[in-house]
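A.B. asks: Put chains B, C and D on the given structure of chain A with help from the hints.
4 protein chains.
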Amino acid sequence: MNFIQNDLVTKLQTNERYPLTDEHPHEECGILGICAPGEDVSRLAYFGLYALQHRGQEAAGIAVSDGQKLDMYKDVGLVSRVFNPSNLADLNGFLGIGHVRYSTFGSSMISNVQPFMIDTRFGTIALGHNGNLVNAGKLRRELMENGIGFSSTSDTEVMTMMLAGADGEDWFEHIRSCMRKWQGAYCLVILTRESIYAVRDPWGFRPLSTGKLPGKGHAVASESGALRTLGCTAIREVQPGEILRLSGEDLTIRQGIPPAEPAALCIFENVYFSRPDSNWDGMNVHQIRQRLGEQLARETRLTADEVIPVPDSSIPAAIGYARASGIPYNDGFIKNRYIGRTFIEPTDSLRKLGVALKFNVINENVEGKRIILIDDSLVRGNTTGALVGLLKEGGAREVHVCITCPPIRHPCFMGVDMGTYEELLAHNMSEEQIRDMIGADSLYYLSLDGLLKAAGRPTGYCTACYTGNYPIDINGALSKTRFEGSRVSNCG
Amino acid sequence: MNFIQNDLVTKLQTNERYPLTDEHPHEECGILGICAPGEDVSRLAYFGLYALQHRGQEAAGIAVSDGQKLDMYKDVGLVSRVFNPSNLADLNGFLGIGHVRYSTFGSSMISNVQPFMIDTRFGTIALGHNGNLVNAGKLRRELMENGIGFSSTSDTEVMTMMLAGADGEDWFEHIRSCMRKWQGAYCLVILTRESIYAVRDPWGFRPLSTGKLPGKGHAVASESGALRTLGCTAIREVQPGEILRLSGEDLTIRQGIPPAEPAALCIFENVYFSRPDSNWDGMNVHQIRQRLGEQLARETRLTADEVIPVPDSSIPAAIGYARASGIPYNDGFIKNRYIGRTFIEPTDSLRKLGVALKFNVINENVEGKRIILIDDSLVRGNTTGALVGLLKEGGAREVHVCITCPPIRHPCFMGVDMGTYEELLAHNMSEEQIRDMIGADSLYYLSLDGLLKAAGRPTGYCTACYTGNYPIDINGALSKTRFEGSRVSNCG
Amino acid sequence: MNFIQNDLVTKLQTNERYPLTDEHPHEECGILGICAPGEDVSRLAYFGLYALQHRGQEAAGIAVSDGQKLDMYKDVGLVSRVFNPSNLADLNGFLGIGHVRYSTFGSSMISNVQPFMIDTRFGTIALGHNGNLVNAGKLRRELMENGIGFSSTSDTEVMTMMLAGADGEDWFEHIRSCMRKWQGAYCLVILTRESIYAVRDPWGFRPLSTGKLPGKGHAVASESGALRTLGCTAIREVQPGEILRLSGEDLTIRQGIPPAEPAALCIFENVYFSRPDSNWDGMNVHQIRQRLGEQLARETRLTADEVIPVPDSSIPAAIGYARASGIPYNDGFIKNRYIGRTFIEPTDSLRKLGVALKFNVINENVEGKRIILIDDSLVRGNTTGALVGLLKEGGAREVHVCITCPPIRHPCFMGVDMGTYEELLAHNMSEEQIRDMIGADSLYYLSLDGLLKAAGRPTGYCTACYTGNYPIDINGALSKTRFEGSRVSNCG
Amino acid sequence: MNFIQNDLVTKLQTNERYPLTDEHPHEECGILGICAPGEDVSRLAYFGLYALQHRGQEAAGIAVSDGQKLDMYKDVGLVSRVFNPSNLADLNGFLGIGHVRYSTFGSSMISNVQPFMIDTRFGTIALGHNGNLVNAGKLRRELMENGIGFSSTSDTEVMTMMLAGADGEDWFEHIRSCMRKWQGAYCLVILTRESIYAVRDPWGFRPLSTGKLPGKGHAVASESGALRTLGCTAIREVQPGEILRLSGEDLTIRQGIPPAEPAALCIFENVYFSRPDSNWDGMNVHQIRQRLGEQLARETRLTADEVIPVPDSSIPAAIGYARASGIPYNDGFIKNRYIGRTFIEPTDSLRKLGVALKFNVINENVEGKRIILIDDSLVRGNTTGALVGLLKEGGAREVHVCITCPPIRHPCFMGVDMGTYEELLAHNMSEEQIRDMIGADSLYYLSLDGLLKAAGRPTGYCTACYTGNYPIDINGALSKTRFEGSRVSNCG
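Chains as they are written, first to last, in my numbering: chain A, 653 to 1144; chain B, 653 to 1144; chain C, 653 to 1144; chain D, 653 to 1144.
For reference, chain A alone in the conformation it holds in the complex (with noise of 0.2 Å):
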């Protein structure tokens, strides 16, 4: 979180870097929770984080209860390397949170992996939070000047600590007095010894569905594939405002706040972050992207050979492209896969050589050829640079760089990690500056109705990283980052 002082570190291992060599956008967290009476549900819980890696590498972590007592296990590294048969076994009960992080290298502190579990005049509770409070600075501010103190620099400790304080009767009174208070984007699931408690803001920047499991109970994640892998059916997505409470076989939903008018979806689920096999505003994304590369396809009209995705994210964008335009379909980039906790240095003829390292061209497949290469989003530009480097080095005739979604031009407040205004390449550049920068002969965005129209709805959608008009007051968080300068850290 940019807006909190940042003295407070505790070390990460040094052999627990990781690098940083993506440049695309990065997601801040997938959480889950699932109520599953008579089932193991650390090992469910296990499966179902692993179906939500892909929205948060940096540290997991599964909080469960038996109906007496919490026990919680998390660290840093992917789900796999975190737990292990024998920590597993150690997590017993059939009520069990947990949750993937990301985040940028100067937060990736210990002490801000998640749930976050404490002790409270209710009982203990453990929580998960995906998304950023806007006024986690304020409101922080307002609790150490009544004596708290905090252990992290997380806004979810915050929001654990204001649950500790809250109003109300029951739990759904004190989530709904803090609702009241926060600003922001936040996906909460909260543990406590009997149930479970899972909150979306009014707005619904972030995604979250929940399912009937197919044992007895209930689950909810970030994403309804992650609910498909654990054999969810009656699959529906939590909407904005509500709070839902899984207890026993019972799953209770109610109206916390009323929701924002309009709604606030990130839209760059859609274009990026979701799994494909997940819905998103009640429609699958897998076809949404195709539907963003048919529309691409439409406004570029161009002519070529071969339609190549960058693999993996594009791969939807650039069938759907190639069944408007009627441009075949090929493969370009061989993608290396197996990824590694330590990051070793190239050396400097291998530096030269740029991403090769994960990406090999297949030569035989663009020599001589005009290639539409599809990207999901433009950031910093190094990675698409080099890219088309590789193309036309393996002989490619013509490299034409259709991107499916218009210019990020603004920072993103509500969880997301975009980068600054200085980092951000399309607040400092022409399109025709990008398009020479990274050495394509041309260089198309999709437009915003374009995009708009192949999410299926005009309005209802947060696009402030595209239009810069953010859904809510972000002039604390937006005035601070611009004097520090300093990465958003945040998602708990």
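Because the hints were derived from the structure by calculation, they are not lab data.
Fair warning: this is a prediction, and the values are worked out from it, not measured in the lab.
Mixed in with the good hints, there may be bad ones.
No farther apart than 20 Å at their CA atoms in a straight line, the calculated lysine to aspartate or glutamate pairs in the DMTMM-like style are these [as the list claims (entries may be wrong)]: (1) B:Lys-864 / A:Glu-1045; (2) C:Lys-864 / D:Asp-1000; (3) D:Lys-864 / C:Asp-1000; (4) C:Lys-1010 / D:Asp-964; (5) D:Lys-1105 / C:Asp-1000; (6) B:Lys-868 / A:Asp-1000; (7) D:Lys-987 / C:Asp-1000; (8) A:Lys-868 / B:Asp-1000.
Anything over 12 Å on all C-beta distances counts as not near chain C; from chain A, calculated [claimed, not checked]: (9) Asp-771; (10) Ser-899; (11) Ile-905; (12) Glu-946; (13) Pro-963; (14) Glu-997; (15) Lys-1044.
If we take Cβ atoms under 8 Å as the criterion, some of the chain A residues that face chain C in the derived model are [as the list claims (entries may be wrong)]: (16) Met-796; (17) Met-813; (18) Ala-816; (19) Leu-1076.
Glycine is no exception: its CB is placed at the ideal position from the N, C-alpha and C atoms.
C.D. replies: Frame of chain A, contents of chains B, C and D only:
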């Protein structure tokens, strides 16, 4: 190695177990050799091995020489786990060889991890091997009768000891005298204090290529894709029976022993093993696989709504099938990509959901559709059956399974773990029985003729796994396998 | 802490379990604070903690400040395991505090490891604590009623939160206002951005000393032995109720609140806890223990052939006993010293051999001899009984057990894990019963008068574990313990 | 091994480096063999190795057989670090051998860790070795000329390969034929599928004892103290040149080759290496050391106030000195006992404080006193000099250093790392120079006659390190050392 007694076991730590859930045949190893005067060879080798990781995920090792002495680091695990900045920095030199290894579980002994490094009367050598000696058991017994002890069960140690006792005046002659005795598949890299030697067996079972580094010197690797990752140019496949020496800036190529007639290149490298951006027998693998799909389309002439690949290996063939048939290509599955070191058992309720942990169906893409599912091999049938089931649950009207090679009816004794006769589905069942077992509406295999036609030439390939016609006498190996019922453990 | 609810558990990894085979009472923590302008404080703190390791082997942590921001590293394990050159190098600063921790198994929660570091309205602070607040449960409940949540079960977090909300204009006043509310044993080091504050409770239960560093600045530590390891001179014990500030080259000493009358220094520091090279209440501990042995010789007037200590803690007293009695001193036991992190269960055949795994008898030294065995405490009796058995099997003719303090009949509520009433042998058995249980020919305890005489003054010590006369009201703690039967978990 | 080429290095992970701060000569290995029908031999071996840990702290390993097949686990580190419940549980069998290893830093290669396990024409064997073959270099070169390669620099691998190629009808004969060729110090345990063989060289350089287990079967170990930890009775030292077979419940003892005349038992086992509760050459080591002290008192006839040992190894001699002289025994130093895996460099200010990190003086015990400081050896002088300095700073009036053996002037070639001629203080300086260097008021060494008298007999000991009279021809080894100036690396 199936014929080597099995009572010599140095245990892996139990947290290093890997799940064997994939039903693909397993390639057994990738090798690499780099002579780069003036360069930090260990980091080059690291990135080269990273590009060969698909050929072996169980263990990795690098041995280097600075012209004075050899040094080595190896361990079980992925390349990115075995190596870190610290242990790479300790490996100083400009000559280096590397190895990635796959093996069946029973033989995942730390003592079998490569390279092997020994002191000999000719000086210290290190050796990396991809392949399988058919007569390793006989050779090992002969050496043991001469009073030699073995600290591993690997045929690579047999080869290493034979080199230590070989005749001849120089390493070309030492190697040549051994090649006369070695029966089977072998590609070798041999590191001495001053040079690297690379060897390919006279049948040419496994691939090996060499190229010129962007700076000084040369490299060899199992696949040209790895050479391209290193920025190599002037890439050339090592020919059957050749011995190469990389020394300073020089590359020396000699015919070690005459090539076998006809050659016996493993056709499964085309079908499954090699990276799509590698070349094999002069052709690009991605393009061969597209032709496999095109040929399959011509042979099957099915009517359907969509062509769907099993990701990732069947994508090129599915692109080819779609092009040749005119039926649209689409994604049907999302694959979970985050690889873990620890295997967590699914709960019972998840187990019933089958492969959903690894694959989710995109229901919206398959609902009500007639699907052609492209897969590159069908060995034991579990995964394919589960995928067909997922498509049907997702609403697919018809599922037609098309395999891009003929039925695999015979084990491989040249370095690939296909399984035993008992395990090979097509050895024990008719195509109709298999079709019913996997729940497909129809099942098609590419014909052997079609396979060879797509591969580009009618002879020179080993097709023993389809036909049982082994290019060399495997009686010893075969009978042993039958008697002992044990898995082939080799490639070292 | 016994009165803090126990349903908040972050699991340790299972391979971090420590065997609790020692039957000595357990000291609960050592603290350290160093202000060393121009020095690398983290390495100084490392060696200082290493010298305090005997006070807590379960966990260790260091927090530092460079005058601008605080940084911290802590983990479970011995000091030498928690810290390595890399994580120490990341802790930059000239101000540092450190902590080593012991706790009973049930409370070995990672969230309880110290120091605690939080952001407050007064800036960031880190805190290390040795002791136990008797009224922590009441204070914690009050804070929770005010809406504060707690992420650990430690009384240290309670103290930290109280400091965050304390009154007063500066840290002297903040601390003083809290001291007025804290009942029990506490020595604290508090790190702020610019200074270190050290605090000792008005009863003086636990030791704390300060000294001048050989370079610039000062240090405080639980024991003077640790200060001497750091090369300190001008060592002075912090007096009950004092607050010290270490800042730049200055040491400021103030009386925080008036000292209690009489003082209540823990006499068990003399008997067992403190290093023999430390001073306690103005006297050297090794010499006090020699006097305990001398006094015991005078009280027992036994006839025997050899005086043998239970190594290592009873050696000084055995030297004193031998001197006063004229009976020769000798070794009777060899102690296995190599400490492991993992507890391997003995086989049944080994289990029958008792403590032989930790101690071997030197038969030749005890055969046919009448032995006086000196031990410093006898809490549960298992080890002493086994040692007597080993001596007898080794051929000893008589074994007379002499304990250098009176029978321990009451639990400690000021930070020492003596065990519950149920566990305390002397609370439940007569001396004759104990003598028979441990198989000794006779059993002697030092008298309380003798103990106080050897310690050097008749009042000013807490002797509650012998007498049940607690120097402060422990009703709350006591009743809780009785009702819940649970172990004391404290010292943070 | 000094004569084995050094270009074969498999790196240890860098965090496994051990500081070499101790100036004692280093014992090089302990061995163990257990045949315990019906027992879990791996746990027995674990506790047996734990009792031998003082003989080697660098690496440990256990190999077992269940009568059908052999299995092994070994790694660098202390016994308690190498083994855990999981890897011990994987080692099933009733026959087991174990090894702990010390070696100089340069040779701490993972490939040298023992036991060595190999497949031979006689079946699989595993071997553990304590000692050093003087002619290992020659034997290794002969084997290499015969075409054998070596994967380590250890003389143990040479011995293993010689056994693999040995003549004879059974293992007694195989071993006997090798003993005829082996020159130097060796105690061996050899595990086959059905039995354990134990061997001691004809000179008897290193100790080896056998005993009857409390259940069925027998054990052998380097020291009787380890056998007593296992509860053994009927303990007997293995005689020079003997071969033992442990098989089922049977113990078979044969004379392998005739014992050398005279024997050459290492007298330094008495002085320093062996546990005080072990027997060596029929006498208890603690009592021998007491006699060393008594003899030294008679030879020196000093007047002083206190006798102080360098803990822990000089305690028995100090007790003896005090008894014979009538001067009171006391502690002067407190030793920090918590052993770490990682070596943290002291700060400059700490470095000036010298050994204070490992030892603190108890000032109150030495102030104004005339001190006799008992030490068991003085090799390089750094530690002794620092201890004298600490005593003087602590206020000692006089410090008289008494060493319990003669000056060490010659390197050992039979398995002990004494250092080279260049490093041996007494080879290069007069006693007066040494006395001045260490700052003592006087310096006394025990006479060779006095040493032999205290040891109990005038011949049969190797005293080469004092006299230079080597019991076997070490010309090869000696000249090599002089030419290469390298450390002896052996014991395997």
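A.B. asks: All hints are to be evaluated individually against the structure, with a verdict given for each.
C.D. replies: Hint check results:
Of the pairs offered as hints, the one joining B:Lys-864 and A:Glu-1045 holds, with about 17 Å between alpha carbons and a cut-off of 20 Å not exceeded. This hinted pair checks out: C:Lys-864 and D:Asp-1000 have alpha carbons roughly 17 Å apart, not beyond 20 Å. With a C-alpha separation of about 17 Å, the suggested pair D:Lys-864 and C:Asp-1000 falls inside the 20 Å cut-off, and the hint holds. Of the supplied pair hints, the one linking C:Lys-1010 and D:Asp-964 holds, its CA atoms being roughly 16 Å apart against a limit of 20 Å.
Between the alpha carbons of D:Lys-1105 and C:Asp-1000 the distance comes to roughly 43 Å, so the proposed pair goes past 20 Å and is violated. Distance check on the hinted pair: B:Lys-868 and A:Asp-1000 sit about 13 Å apart at the alpha-carbon level, within 20 Å; holds. Between D:Lys-987 and C:Asp-1000 the CA atoms are separated by roughly 34 Å; this puts the pair beyond 20 Å, and the hint is violated. With a CA separation close to 13 Å, the supplied pair A:Lys-868 and B:Asp-1000 stays within the 20 Å bound.
At the 12 Å boundary, the C-beta of A:Asp-771 falls inside the reach of chain C, the nearest C-beta of that chain being 5 Å off. Interface exclusion of A:Ser-899 from chain C stands, the closest Cβ pair being 18 Å apart, more than 12 Å. At the 12 Å boundary, the C-beta of A:Ile-905 stays outside the reach of chain C, the nearest C-beta of that chain being 27 Å off. A:Glu-946, annotated as away from the interface, keeps every beta carbon of chain C farther than 12 Å; the closest lies near 49 Å.
Residue-level check passed: A:Pro-963 sits 36 Å from the nearest beta carbon of chain C, beyond 12 Å. Non-interface status of A:Glu-997 relative to chain C is upheld: no Cβ of that chain comes within 12 Å, the nearest being about 17 Å off. Distance to chain C confirms A:Lys-1044 as a non-interface residue, since its nearest Cβ pair spans about 42 Å, more than 12 Å. Evaluation of the A:Met-796 hint against chain C yields a held restraint, the C-beta minimum of about 4 Å falling below 8 Å.
The beta carbon of A:Met-813 comes within 6 Å of a beta carbon in chain C, closer than 8 Å, and the hint placing it at the interface holds. Checking A:Ala-816 against chain C: minimum C-beta separation of about 3 Å stays under 8 Å; hint holds. Hint status for A:Leu-1076: violated, given a least beta-carbon distance of 29 Å to chain C, over 8 Å.
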